[in-house]
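Sequences listed follow chains A and B, in order.
Just so it is clear: in the first sequence, position 156 is 156 by our numbering, and no numbers are missing.
Numbers in our numbering are just positions in the second sequence, counted from 1, shifted up by 277.
Wrong hints could be hidden among the right ones.
[What the hints assert, rightly or not] Pair ranges (Cβ atoms, derived):
{"no.": "1", "chain 1": "A", "residue 1": "L112", "chain 2": "B", "residue 2": "S349", "range": "43 to 53 Å"}
{"no.": "2", "chain 1": "A", "residue 1": "R185", "chain 2": "B", "residue 2": "Q350", "range": "36 to 46 Å"}
{"no.": "3", "chain 1": "B", "residue 1": "D289", "chain 2": "A", "residue 2": "V27", "range": "49 to 59 Å"}
{"no.": "4", "chain 1": "A", "residue 1": "N160", "chain 2": "B", "residue 2": "R394", "range": "56 to 66 Å"}
[Claimed, not checked] Chain B side only, calculated, beta carbon under 8 Å to chain A, not exhaustive:
{"no.": "5", "residue": "I351"}
{"no.": "6", "residue": "P354"}
{"no.": "7", "residue": "W370"}
{"no.": "8", "residue": "R373"}
{"no.": "9", "residue": "P376"}
{"no.": "10", "residue": "A422"}
No lab work stands behind these hints: they were computed from the structure.
In this text, all values refer to a predicted model and were calculated from it rather than measured experimentally.
All residues carry an ideal CB built from backbone N, CA and C; glycine is no exception.
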Amino acid sequence: MSLIALNHVDLGLAAILVLLLAGLSYVLSLGIGNSLLIAGARTTVQLLLIGLVLKALFSNVHLAWVTGLALIMLLAAGREVMVRQKRRFTGVWGYGLGTLSMFVSSFAVTVLALTVIVKPEPWYAPQYAIPLLGMLLGNTMNGISLGLDRLKDAAWQKRNAIEARLCMGEEWRWAIADIRRDSMRVGMIPMVNAMAAAGIVSLPGMMTGQILAGAPPLEAVKYQILVMFLITAGTGFGTVAAVSLGARRLFDERHRLRLDRLRTGRKRRRPRKKTRG
Amino acid sequence: MTALRLVDIRNDAVNENGERVVTADPVNFTVAGGECIGVSGASGTGKTLLLRAIADLDPNSGEVYLDGTARSQISAPEWRARVAYVPAESAWWDERLSPHFHGRRVKHLQRLGFDSRILSAPISRLSTGERQRFAILRTLNATPAALLLDEPTASLDSTNRERVERLIKDYSKTHDAPVIWISHDTRQIRRVADRHLRFHKGRLREVLRRSRKTAKDVSA
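Please build the complete structure, drawing on both the sequences and the hints.
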């Protein structure tokens, strides 16, 4: 069994479904029609571009090229983590904290998987390295943004209780302990759920892809299990790192809660001035 | 004697635009052991921010000495355990009271009109005034050396106000504890405080007891 190649008409038919959905959104005035069309266009262009990049990369296997693409993916994921935050850290921390945590966890887990477990030749073979890193970054990004968002929002909501504990002479790490624990858990829950539902409720995308491409189901399943474990480890360690760093950043050396280090991320819309009375 | 001495204390907290929140001048005064200083002034003049600066909860400049020990020489948690700040609005981090007292016996419970049965009630069931009184008990239970009180009786009826006033005075005398007491109520300050300082136009000035003119000025 081999892969059935898709032609433009096949993709066009699928695109019509999205157009129909956008049309329905206009009729029901859901206000999501434009976003739907823009996102659809973005996915087409971005995936075609990455296809071209991967094609070029596969024919010129070089560590520098693989590293370059990996860094671009990391920076894009870092930006994505930042824009998803309701409250952001000021200065370099706003971007740096999530990006650093993702770098440490995703890159470490990917390199470990490539050099110790999968062992392609060479170890940075883009056919393995890029998809693995992509899956790890995509999931780690979710965990980290959920965890950090919860941390900062809860610290803001419960600032009086945190300060009450500080006033009783507690150290910062105890004053934020409950919130930090909750935030780490929130970041990891999606992975636990995904593992629990895999195979029964959902057939994970990677495995589905391999089976479509003609791989024997049991081989595809083994890869999927490997990837699930890697993603869980990457997301978990990344979330723990990001939430720990974030919690530390919320306090200064004199154990003061420094909410002035946060800014509201979403811009508030000002009501428009009426020209007529 | 455990005196609390403030030297050029100023709250340096900044708002979202990076501007200083308080524009008041640096503050210098000393509270002797067992002495109570009443602080008054219109809202927004920096009374609360002064207490927060002393407790080291906001970035601030200057130095505070307790019994000759400089604040900068000891860790912030240790400082806050000794110089306890009780905010105007009480906050809780558990659903029940006992974890806030670390499972220890709650001292002075009866003196604030409570029965020990109330300790098992969920905090959400307590009234604002009850919570306010428990916040005071929570602080006193840890036996701090000095007290910074931000309108401790604001949400209390006259009976409980009197109970709190008496408890704090007794605590201050028995433990030789300096007390700074913020209040909007000039009569309360006359009752509890040995000296009265008032924020006016960014400066903290002493209100002289026997000067009718200044006293009148305060109550106006």
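* Contradicted hints - numbers only -> 4, 5, 8, 9 and 10
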